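Chemist: Working from the sequences, and respecting the hints, build out all of it.
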Amino acid sequence: MVDVVDIATRSRMMSGIRGKNTKPEILVRSMLHRQGFRFRLHDRTLPGKPDIVFPRYHAVIFVHGCFWHGHECRLFKWPETRPEFWREKIMRNRYLDHKSQEALLTNGWRVGIVWECTLRTGKRNPVIIAQSLTQWLRSNEPFKENWE
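For the numbering used here, count along the sequence shown from 1 and bump the result up by 180.
Derived from the structure by calculation, the hints contain no laboratory data. Here the structure is a predicted model, which means the values were calculated and not measured. For every residue, glycine included, the Cβ atom is placed at its ideal position computed from N, Cα and C. One thing to keep in mind: the hints can contain errors.
Using 25 Å as the maximum straight-line C-alpha spacing, the simulated SDA-like pairs for lysine to any residue come out as follows [said to hold, decoys possible]:
id, residue 1, residue 2
1, Lys229, Leu317
2, Lys257, Met271
3, Lys200, Pro227
4, Lys203, Arg304
5, Lys229, Leu276
6, Lys324, Arg290
7, Lys279, Phe234
8, Lys279, Asn201
9, Lys257, Leu317
10, Lys229, Glu260
11, Lys229, His249
12, Lys257, Val184
13, Lys200, Phe323
14, Lys200, Ile270
15, Lys200, Lys324
16, Lys229, Leu212
17, Lys324, Arg209
18, Lys229, Asn273
19, Lys279, His222
20, Lys279, Leu255
21, Lys257, Ser210
22, Lys279, Arg304
23, Lys203, Thr286
24, Lys324, Ser210
25, Lys257, Arg224
26, Lys200, Trp316
27, Lys324, Asn273
28, Lys324, Pro263
29, Lys324, Arg300
30, Lys229, Ile206
31, Lys279, Gly228
Pair by pair, the computed Cβ-Cβ distance ranges are [stated by the list, open to error]:
id, residue 1, residue 2, range
32, Gln311, Pro235, 21 to 27 Å
33, Gly288, Trp258, 33 to 39 Å
34, Asn326, Asp223, 32 to 38 Å
35, Asn287, Lys257, 32 to 38 Å
36, Gln315, Arg220, 20 to 26 Å
37, Gly216, Ala283, 25 to 31 Å
38, Glu268, Gln311, 24 to 30 Å
39, Ile206, Arg254, 21 to 27 Å
40, Asp186, Gln315, 47 to 53 Å
Modeler: If you want it as structure tokens, here you go:
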């Protein structure tokens, strides 16, 4: 399938996509801040530069976009334009995610992953997600991905 916009427009659109401080990430941070948690952001000293770091709880949270990290949900669809490029890119992202999580867990950090689809309006109640995140942070559970 041919792209619906020209190359220059597509390039401009793609360059506008942020890797930090995305809407889902800001939503999770604000929910946790309201719960009284304090944290650091994007710690480059840790594997994978976690989005949110809780040194007191020895825990990190990654807020993943469903497209960029290849989540198997309704928000993810393999692109039809340049499929080889996108398959390689997304599979590499998945590999790096796994490698970072393994390194963090090996070093005694607890890892939480919040997917973009979990935060979409109307899909799940933000209060329940905040409670689930709070319970996980105060527990000793090493890994959590489902927040219902």
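Chemist: So if I understand the rule, the pair passes when the alpha-carbon distance is 25 Å or less; does Lys324 with Asn273 pass?
Modeler: holds, 19 Å
Chemist: For the pair supplied as a hint, Lys203 and Arg304, is the alpha-carbon distance within the 25 Å limit?
Modeler: holds, 16 Å
Chemist: For the pair supplied as a hint, Lys229 and His249, is the alpha-carbon distance within the 25 Å limit?
Modeler: This hinted pair holds, its Cα atoms lying about 15 Å apart.
Chemist: Is it true that the CA of Lys257 sits at most 25 Å from the CA of Met271?
Modeler: holds, 13 Å
Chemist: Under the criterion that the straight-line Cα-Cα distance not exceed 25 Å, is the pair Lys279, His222 satisfied?
Modeler: holds, 17 Å
Chemist: When you check the alpha-carbon spacing of Lys279 and Phe234, does it fall within 25 Å?
Modeler: holds, 20 Å
Chemist: Hinted pair, alpha-carbon criterion (25 Å max): Lys229, Leu276. Please report holds or violated.
Modeler: holds, 11 Å
Chemist: I want to verify a distance hint. Is the separation of the beta carbons of Gln311 and Pro235 within 21 to 27 Å?
Modeler: Holds - the Cβ-Cβ distance for Gln311 and Pro235, about 22 Å, lies within 21 to 27 Å.
Chemist: Does the structure keep Lys257 and Arg224 at a Cα separation of 25 Å or less?
Modeler: violated, 30 Å
Chemist: Can the restraint linking Lys229 and Leu317 be considered satisfied, given a maximum Cα separation of 25 Å?
Modeler: Between Lys229 and Leu317 the Cα gap is close to 19 Å, so the pair holds against 25 Å.
Chemist: Lys279 and Gly228: Cα distance at most 25 Å?
Modeler: Roughly 8 Å between the alpha carbons, so the hint for Lys279 and Gly228 holds.
Chemist: Are the Cα positions of Lys229 and Ile206 separated by 25 Å at most?
Modeler: holds, 16 Å
Violated hints, in rising order: 9, 10, 21, 22, 23, 25, 28, 34, 38; the structure is consistent with all others.
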